[in-house]
Amino acid sequence: MARGMTDLGSSDRLAAALAHLGTTIDARAKEGDASTSWTAKLLSKGPEACAEKVHEEGQELAEAVMKESDDRVASEAADVLYHAFVALRARGVSLNDVAAELEKRQGISGIDEKAGRAG
1 MARGMTDLGS SDRLAAALAH LGTTIDARAK EGDASTSWTA KLLSKGPEAC
51 AEKVHEEGQE LAEAVMKESD DRVASEAADV LYHAFVALRA RGVSLNDVAA
101 ELEKRQGISG IDEKAGRAG
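Mapping to full-length UniProt numbering: the sequence shown position 75 is 75, numbers consecutive.
Each hint should be verified, as a subset may be incorrect.
[Said to hold, decoys possible] Calculated cross-link-like contacts (lysine-lysine; reagent style DSSO-like; alpha-carbon spacing at most 27 Å): (1) K114 / K53; (2) K104 / K114; (3) K30 / K53; (4) K41 / K53; (5) K45 / K67; (6) K30 / K45.
[To be verified] Simulated restraints on C-beta separations: (7) N96 / D12: 17 to 23 Å; (8) A16 / A62: 33 to 39 Å; (9) S11 / E48: 30 to 36 Å; (10) E56 / N96: 22 to 28 Å; (11) D112 / G46: 14 to 20 Å; (12) E31 / M66: 38 to 44 Å; (13) G116 / V73: 27 to 33 Å; (14) S35 / G110: 38 to 44 Å; (15) A84 / Q106: 18 to 24 Å; (16) V93 / M66: 25 to 31 Å; (17) K41 / K104: 32 to 38 Å; (18) A49 / R105: 42 to 48 Å; (19) S75 / N96: 24 to 30 Å.
The set of hints was computed from the structure by calculation and includes no laboratory data. Yeah, the Cβ is synthetic: ideal placement off N, Cα and C, and Gly gets one too.
Work out the full structure: start from the sequences and follow the hints.
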């Protein structure tokens, strides 16, 4: 049975999980050891390596959406979110920057938003 976005769980639960993820990534960036922390290892390789992981994980998510179980889709989506957060950290883009962009888009059709982008 298909589930709607509001059926996926409490937005408070997701917000708490994402906030915890962001805090953990920040801690690994500051204090992590690349020999024991995947996050620290990725960050030590720079934004390009982080971008490659986002790309790889995005492909895996797309494949899961097309032909794998809901549990696998959720797992791959979690991987994408994690690697996106690491890539943001590698570039110095804050989650507040992302939130501000999402807030600007609220109430705007995706078609209209895309048409209004520069370039």
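Does the hinted range 42 to 48 Å hold for A49 and R105 at CB? 29 Å, violated
K41 paired with K104, Cβ distance criterion 32 to 38 Å: At 34 Å between Cβs, range holds.
Restraint check for K30 with K45, where alpha carbons must lie at most 27 Å apart: 15 Å, holds
Quick check: does the Cβ-Cβ distance between E56 and N96 fall within 22 to 28 Å? 27 Å, holds
Per the hint of 25 to 31 Å, is the separation of the Cβ atoms of V93 and M66 within bounds? 29 Å, holds
Does the Cβ distance between E31 and M66 fall inside 38 to 44 Å? Taking Cβ atoms as reference, E31 and M66 lie about 39 Å apart, which means the hint holds.
Satisfaction of hint between K114 and K104, Cα-Cα up to 27 Å: It holds: about 13 Å lies between the C-alpha atoms, which stays within 27 Å.
Taking the CB of A84 and the CB of Q106, does the distance hold inside 18 to 24 Å? Taking Cβ atoms as reference, A84 and Q106 lie about 20 Å apart, which means the hint holds.
Could you tell me whether the CB distance from S35 to G110 stays inside 38 to 44 Å? 43 Å, holds
Range hint 27 to 33 Å (beta carbons of G116 and V73) holds or violated: Given a distance of about 31 Å, which is inside 27 to 33 Å, the answer is holds.
Does the alpha-carbon distance linking K41 and K53 stay inside the 27 Å limit? The given pair, whose Cα atoms are some 12 Å apart, holds under the 27 Å limit.
Falls inside 33 to 39 Å, the C-beta gap from A16 to A62? 27 Å, violated
Consistency note: the structure conflicts with the earlier hints numbered 5, 8, 11 and 18.
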